[in-house]
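These protein sequence lines map, in sequence, to chains A and B.
Per this note's numbering, the very first residue in the first sequence carries number 1; after that it's consecutive.
Per this note's numbering, the very first residue in the second sequence carries number 316; after that it's consecutive.
Because the hints were derived from the structure by calculation, they are not lab data.
Keep in mind that a hint or two might mislead.
Stated by the list, open to error - Here are the computed lysine to any residue pairs in the SDA-like style, where the Cα-Cα straight-line distance is at most 20 Å:
(1) B:Lys392 to B:His605
(2) B:Lys435 to B:Gly407
(3) B:Lys392 to B:Tyr834
(4) B:Lys824 to A:Ser44
(5) B:Lys631 to B:Tyr652
(6) B:Lys606 to A:Ser44
As the structure is a computational prediction, the values presented were derived from the model and not from experiment.
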Amino acid sequence: MLRYLSRRLIQTAALLLVVSVVVFALVLQAPGGPSILLDRNMGSEEIVRMRSILGLDQPLHVQYLRWLGQVLRGNLGTSYQAGFPVLEIIGQMLPNTIILSAVALLLSLSVAIPAGVISAARPYTALDHIVTFLSFFGISIPVFWYGLMLIVLFSIVLGWLPPGGMYTIGGPRTLLDLGHHLLLPAVVLGTANMALFARYTRSSIMAVMRQDYVRTARSKGLAEGVVLYKHALRNALITIVTVVALQIPRLVGGAAITETVFAWPGMGSLAVRAAFERDYPMIMGITLVISAFVAASNLLVDVLYVYLDPRIRYE
Amino acid sequence: MGERISRVARLMAVLVVTGALLVVAMGPAQPAAAQATGGTFTLPMIDNARMWPILGGLPNILVNKVLYSTLVKYDAKNLAPVGDLAERWSLGDDRLTWTFNLRRNVTWHDGRPFTARDVKFTIERLWLNPQVPFFQRGNISEITRVDIVDDHTVRIVTRTPFATLPVMLGYLANILPEHVLGNYTIDQLRNPVDFLRNPVGTGPFRYAENVLGSHVRLVAYDRYFMGRPKLDAVVFRVVADLEQQLAQLQTGQLDLMIIEPPQVPVVQRMANVQIVDAPQVNYTFVGFNHKMEPFTDRKVRQALTHAVDRKAILDKIYMGKGRIATGPINPLVDWAYTDKVHQFPHNRELAERLLEEAGWSKGPDGIRRKGGQPLKITLEVDRGNPVREQTAVVVRQYWKEVGVDAEVRISEFNALLTRIRTRPNPLQAWTLWYITPPEADIIGYYHSSGTLNEFGYSNAELDRLLDQGRVTFDLKERAKIYQQAQKFMAWDAPVIFLVYPAEVQAVSKRVQGWAKIGYRDALTHMTGVSIGR
Chain A
1 MLRYLSRRLI QTAALLLVVS VVVFALVLQA PGGPSILLDR NMGSEEIVRM
51 RSILGLDQPL HVQYLRWLGQ VLRGNLGTSY QAGFPVLEII GQMLPNTIIL
101 SAVALLLSLS VAIPAGVISA ARPYTALDHI VTFLSFFGIS IPVFWYGLML
151 IVLFSIVLGW LPPGGMYTIG GPRTLLDLGH HLLLPAVVLG TANMALFARY
201 TRSSIMAVMR QDYVRTARSK GLAEGVVLYK HALRNALITI VTVVALQIPR
251 LVGGAAITET VFAWPGMGSL AVRAAFERDY PMIMGITLVI SAFVAASNLL
301 VDVLYVYLDP RIRYE
Chain B
316 MGERISRVAR LMAVLVVTGA LLVVAMGPAQ PAAAQATGGT FTLPMIDNAR
366 MWPILGGLPN ILVNKVLYST LVKYDAKNLA PVGDLAERWS LGDDRLTWTF
416 NLRRNVTWHD GRPFTARDVK FTIERLWLNP QVPFFQRGNI SEITRVDIVD
466 DHTVRIVTRT PFATLPVMLG YLANILPEHV LGNYTIDQLR NPVDFLRNPV
516 GTGPFRYAEN VLGSHVRLVA YDRYFMGRPK LDAVVFRVVA DLEQQLAQLQ
566 TGQLDLMIIE PPQVPVVQRM ANVQIVDAPQ VNYTFVGFNH KMEPFTDRKV
616 RQALTHAVDR KAILDKIYMG KGRIATGPIN PLVDWAYTDK VHQFPHNREL
666 AERLLEEAGW SKGPDGIRRK GGQPLKITLE VDRGNPVREQ TAVVVRQYWK
716 EVGVDAEVRI SEFNALLTRI RTRPNPLQAW TLWYITPPEA DIIGYYHSSG
766 TLNEFGYSNA ELDRLLDQGR VTFDLKERAK IYQQAQKFMA WDAPVIFLVY
816 PAEVQAVSKR VQGWAKIGYR DALTHMTGVS IGR
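Chain B extracted, bound-state conformation (with noise of 0.2 Å):
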């Protein structure tokens, strides 16, 4: 009896001496960056890495972006397309045979040397290679061939002249070691396994470790073609709660988090962090199904444009980050940028005149009707974000006042994106943003053949000029047309473009030589960051 007694009396002891255990260890915690022996920059992703780049998703990306190396990438002040693997380049009469000469001293994270068969491999095998599915195959989808000229040299051929090559070779197409995956069957190309424990890349920061749900730790390469950085380390840490990435952020465990205009305020009474509007090549749109009546209609769609104002959505929603957006071709692309296009001001006199002639005349409750039929919209939305929400919420008060019976229906991203892609698209109007290549070329997304084009607009006047860009090589000519498009485009109102907006950037004042770009670039350019004390 006793002796059970002692037992209770025991387990309560133990209990006790974990409690003070854990007392004793929670002695003054140490920020992460005195421990690290010299500068590791911290990042956020919201999920595992894959360190695949022949799949997305923004985690694989990130980490890839310093991992690996493409052959062309863009300039960190005007995104224009710079050297990276690739020396040089230069194209053939024919227009379709591009040379490219590629740098000689570069190595593998393995120290073998990178050479032409690298890029042949990695073109052929992986990105046009049927079996294997590679995310961004609809900007490279024009090459056919890529032969070997020597070990530094290579030709690659496209199927029609394509003056966008260069740009898309810098769009998340990293190239790949041969002399790692030469031998993979196809199924281990899908989903390398093996690789994946050990990525070998050209980078300026090699593989270090994947701790599953914790992090992902890249180190210095020593003998990286352009230098060793001036970072010892890179980490990718998995925090996927905003408020915990903002605690890290404050007490310095992250050096950069992506941040919404909403917490602006939250992030600049931090006093260890400074905040970077980047502009990066993107814009946000309320998109309109062309399959789908009232959308057909141009004056329809230009009323509805002129209903909402802009000005006041970038003032107050997104916090003046960000300009007005005028069409699809980002102000950073300023050799095709205009804005010299039909502005759509915020008049609502002029909206109602437009659905006045297009038909639809309000009706005693004051809703729109055309042969009886009321104008009603419903305007679709991705739960989360808090630009969106508020920008979908304020448009369907602005439609409300020219007569639409309008609504918004807010849905997880997944279920939406999936439901816009659905043939026939069911949804009616939908606001979300696209992030494009520093390019003018944008056939993927309003041509009638364009493979993201989720519109389903259609325009032949557009093709053709968007036909005759893709194939025209001098960048004044080509300026011309895209210009053109822009009017056009303007003009025709296929979506209300609405916002170029700044990446809202909250960085670490320990940081220096951070370029002021989107960070999906400037992670292109670590080399020359780095972490002061």
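Bound conformation, chain A alone (with noise of 0.2 Å):
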């Protein structure tokens, strides 16, 4: 098990050293450059000076085993358009990335799987038929239209909500101030989860009320309730929690429109900004800790299954 976990680490290492030199890469060959250096009124003399004194003027592969100098003492750099250190910032955004992505998510399985059991027990009936309907509605709803068009509703029309933000600014943050800006953009980043795992609901507890056990329940007289809930619903989450298991490094990442709609302080809305202002580090620091999240969150479920399920060994 050592071994092999050594072996893994070194491999997740070996990826995150791939993956950076191709956002590096990437990111740098984009046209343009720092926004920073855009200033209408920037003479020609001051650009070649911020250029020189951020290294843009070295070649490519000069600076980015600078980065990487700095990365391996722990130093993802300094953000060029706020000018504090990249860890500083990821820090600060970082967790209001994640209780958006977290309550989306609650709130997607909490409507997604009543939905799933409801549809499967009925299939092809009036209700399933609603069900489907909606979850093909919701997964295919553009985000940014979704989300402009409960802001008009919620914020605009019934004056329920605010529009944006994530507290209000100079009030205490109160639990209560944050759910209210938390709601809207929760349920348009919940509705496409939502319609997701409805469907994945409904066609496992498809087949698992297909299989022989469920034919022993039902034969020995348990009611259809119990049957559903009891067992089938059970081994059919299996398949649900994967499902969900996959979409949990997302909850790192943000989500890019739904955060820049609703104005969300987070690691999508910052990611999004920095690649427009060509922010490097901002960007390189990004990338780097979302992967980095991805690989360790991958080995912790590979670890896991050790425990989880005896037959699998790794030598």
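Since each chain sits alone in its own frame, please combine them into the complex, following the hints.
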């Protein structure tokens, strides 16, 4: 196990290195340069000076090695735009993104599983068709449009909820205030997953319902509800858990569009702005942190399998 | 077995309860202002601000306007230079030495007094220091040194006579605290992270908090030298998305946003918002690359200008918000501006005749040729700004009408500007804008040695006039020189001067006392602004 772990760790490190090389090359080759150099009234001499201070006049490989050297010393550099260390900015954005993504995930599960079960229990009835229709609607609806429509309805027409942001500025940061700001983006972010999870729940329950043990349960004379919830759903949940687990790395990456539409101060909107502004250290930092998180969670899952399933052994 | 099933049930229960909690949390939302204790003025910025005026970027520039002060600022009516940190100034007989008398009652936000040492430090250690990149250095690079006369008097010495010094000292030239930054190393001065955590200025509002990705909040500084501002706070919210800005404006979370003419009808329907057409010192243009054929030929440039109906562009695309530009000097600089120059009314026949005279004659396909070469022009524009994009498309059409094989290329602003600044500049023509100091001195943009001369324009006659204007101090004399320069430029048509666009501000009706000028300048007149109920 120890040998396996160390091998995997080396593989992970190599993978992150490859990812960083590729992203670095792509980002620095993108047309245009950092926004801080693009002030319309900034003279050519100052631009040259600034580029040299930022090291942008160096060949690409020199810039990369410099960046890598910093990273190995635990320093992801300084954001061109905000002037603060990249790690510090990510540290402030990450919790906000996790709050939004986690609530969206819970929201989608709490709707999707009952909906999927109902749909599966009465397949091909009107109810099932409605759930199916809504699911496809939820999967296909463009996030930015959906977000705007909710803003128009709940913020502008009804005036119930603020259109964006995370807290009321200048007021106390209460849970209630957070809830107000969180609801719309969480609903938007949760909807696509909601639809996806409902479809998975429906199909996996329907597959399970054809299994022998379900027939046995029914022939024992158990009520349909008991069969459905006690016997079928439990087994069907294995699929759901896998699908949900695959979404977990996205908790960290944030949702670029939803966060931007609702001005949510998270990783997604940060990444979008960093990309537009060619904030190279910021883009690299975000990529590295997200890749590290994905790699770590994959490793964790593989290790957990050993404990969960005695048949799995790593040599 | 039974226990495991109940675990599933428990999970379901948790999910349901979470859902219910969220529903409970969904009570009526309170508008942002209701919770503020007094007046808070809130405006958007597209990203985090850095609060370090040595570097540019619009969010940074906006916040620094209220956090810091300058030696000189601009009058809210005619943008003439008036005292800010400096009470008055005078020029010595050598025409190189300026004496600035500083206000005596100014304190930094940490309570320490502002003195001449701060001025000397800011100019010599930051602006003029070649190891620190100051994004506006081009404006003040004529300064050679600063001498402290006493705590409240400095002498600023320039290399050559520099008539525009007071104006330039008001343009993005914030004074920084020597007592905080004096011991910083060069590396720290390039990016003072510690200072950014608690920036200290002399402006009407002091730093309160910077929540990254969310907002910067500044609160009224009780000991501000012009008296405590009426407002309690100014908040800059990070809102990158324009639709979100509009929504926040309508719901009262924002008090101001800058809109584009196409958004005017949407904002007009908002009962709580008024539209202010604020003049600012700017112009939009179609630039030519003077290092390339056929733009070296004045007749071609004149023809391309006559071909374009700028009146129609102003009326239809800018929705009338602005006036037709006659040159690079904005009418707000009223002592120097003149419209008694060669005008370029839309005149297709004249445009065609000028092209004929320049040797470009129409082929059978309607495209003009000279020496077998077709007259092919690619007009470039940045993506995302509806006014500029539409302008490019319309100009292409006008040019096609006179036999130019014109096309439009749209690219991201970032990429476009980087290409324009490549040497040699690979572009033929592009449409962009300039926001400039309220000054007639345009050396930087059109002098052959200008550091901002992206057109590669070079004309000895104009160089002479601009050099002369810079060293002439008598306002009447200066006005004459710049009127000559405008006349010359209008005839020479180095670029197509399109429009002096008004900045279209959508301002909450609760806001009182807001100066009706471009918001960069209006932000330096915040002490009288208040928020009604």
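Evaluated hints:
As the CA atoms of B:Lys392 and B:His605 are separated by approximately 37 Å, the hinted pair breaks the 20 Å bound. At roughly 19 Å between alpha-carbon atoms, B:Lys435 and B:Gly407 fall within 20 Å of each other, so this suggested pair holds. Only pairs whose Cα atoms come within 20 Å are accepted, and B:Lys392 paired with B:Tyr834 is accepted, the gap being roughly 13 Å. Distance restraint check for B:Lys824 and A:Ser44: the Cα-Cα separation of roughly 42 Å exceeds the 20 Å cut-off, and the hinted pair is therefore not satisfied.
Among the hinted pairs, B:Lys631 with B:Tyr652 is inconsistent with the structure: their alpha-carbon atoms are about 26 Å apart, more than 20 Å. For the proposed pair B:Lys606 and A:Ser44, the alpha carbon gap of about 18 Å is at most 20 Å, so the pair holds.
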